[in-house]
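Generate the whole structure from the sequences, applying the supplied hints.
Taken in sequence, the protein lines are chains E and Y. For the first sequence, my numbering gives the first residue as 1, with consecutive numbering after it. For the second sequence, my numbering gives the first residue as 1001, with consecutive numbering after it.
Read the hints as simulated data drawn from the structure, not as lab findings. Some hints here could point you the wrong way.
Claimed, not checked - Selected chain Y positions facing chain E (Cβ under 7 angstroms, derived; list incomplete):
| hint | residue |
| --- | --- |
| 1 | L1005 |
| 2 | L1143 |
| 3 | T1144 |
| 4 | L1145 |
| 5 | I1146 |
| 6 | Q1148 |
| 7 | K1151 |
| 8 | G1152 |
| 9 | Y1153 |
To be verified - Heads up, simulated EDC-like pairs for lysine to aspartate or glutamate below, C-alpha to C-alpha not over 16 angstroms straight-line:
| hint | chain 1 | residue 1 | chain 2 | residue 2 |
| --- | --- | --- | --- | --- |
| 10 | E | K310 | Y | E1156 |
| 11 | Y | K1138 | E | D120 |
| 12 | Y | K1139 | E | D122 |
| 13 | Y | K1058 | Y | D1117 |
| 14 | Y | K1151 | E | E306 |
| 15 | Y | K1091 | Y | E1040 |
| 16 | E | K310 | Y | E1040 |
| 17 | Y | K1083 | Y | D1067 |
| 18 | Y | K1139 | E | D120 |
Please read all numbers here as calculations on a predicted model, not as lab measurements. No residue lacks a Cβ here, since even glycine has one placed at the ideal position from N, Cα and C.
This is what each chain is made of:
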Amino acid sequence: MATRTACQVFRRRFSSASAALRPSTAEIRSRRNAVFSREQQRQRALYPRIEKIEVSLRGPGLDGTLLIMNKGMSTPLSCARHLTEYHVNNSALALVDGELWPLHQPLTDSCTLTLLMFNDSDPTLLNEAYWRSCSALLGQVLETAFKDDYTVELLSTPEVPVTSGAFCCDVVLDPQLDSWTPSPESLRSLTRGAQQLIHQNLAWEPLEVAPSVALEVFSHSRCKQEEVEQKASDSPKGTVMLYRCGDHVLLSGGPLVARTGLCSQYEVTAMHSLGQGPWGHHRRTQGLSLPLQLQAHHTVWRRLRERAEKLVEAGAKQESTPPPSPDSAQ
Amino acid sequence: MRLTLQMLISHGRVARRIGLGPESRINMLRNILTGLVRHERIETTRVRADEVRFYAEKLIDYAKKGDTDEKAMKMASFWLTEKDLVPKLFKVLAPRFENHSTGYTRMARIPNRENLDRAQMAVLEYKGNPFPPLYPVKKENELTLINQLLKGYREERARARVLGAEA
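Laid out in structure tokens, this is it:
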């Protein structure tokens, strides 16, 4: 009995010591921010003299417009600012020579540019990018929501199609929180946090970095480092895309939308437990969001939200065979 | 005749007075109707278009009887001043409106004429004409984010209904 209490005391002492060794989340965040800013400065300094490139625009009413922009400094957003305020406010992503390009990434060569908006005739790619950005925003909210005593590990976000009804963010919380299930109040406070970020209208700044720099950025998180290595091996150029929103640096599988202010209706709908995984107790947080240009009536929103509370299975399970109509079943 | 006050007040009288008299009115409407059958979409004053509408639809009703019918052929040859439009009426317009019972024409008002008279104008057309539509059709884009979410929602509801019916 005495030995058991002695063991418990030692375990508590050792666990608090290990917690003190690990730097606080604020320190980790500022360190990641510093590395990101340093790399961004270095990439900007690669173009000391201003060289001009020709950007030809594509789109309804814009075909054939030629813009003379700066190499390595002008972004598709600056091209949009040469057009109208409508283009600046409504364009969320750009297509440069047929390739998806974040709106804040500098252009490097003469190219053709198409600005993508939510009310285009084919916004499929933009919808996927928007879903990814909403998951990234949810991840940022989750990282900052908990107290400093608890660690939050963001796992690689699964790519979910838009028709599944909700975007997800897989997260592993501190082992002390294994038995905690979120109440509607806590989900509502997470929603409030996300709404604050949306209100601040922060831009998602992209940065294409070598895997070594990305590993340095995520030096405190083993699962993020594995994700970096996996993404570096997947990508054709061997580089990894990092995004910074405010002071939070994150990793993403594809391009994100221009700014947080593009989302208008945003709600965190549910958090489901997926059971034990390699990193701990996996949880899937789900949410629903709609952009500023496609707002839903509150009745429609309520129904979509009820659907978003159900668990979304990620990974290519598609209901490709259409279900038989009820009339034929009878 | 006895000059009464009722002769000067026209409350409740539905018959319009166009042109110089009744015969002039019929001739004018005949010309407009011939133009309508030839071009299938014409632009006139609002009042004339409204008057011709009745006669245009009645003419189609007569044409539906077939060109062997004596009365129909007499009506067509009276109303169409250009005789090369009589076969067009029986062979093109009548079969087009086989499955319609009424409503062969459409009238849309347009801005007033630019002349000094500022007359109210209208466009009169036979339905099924080859021109672009008068009122442009607003197409809903199925691929926008909200429509994709709603599509997923509807599919899930259909799946749940099927499962509920089977169980």
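Problem - Violated hints - listed by number, lowest first - result: 1, 13 and 16
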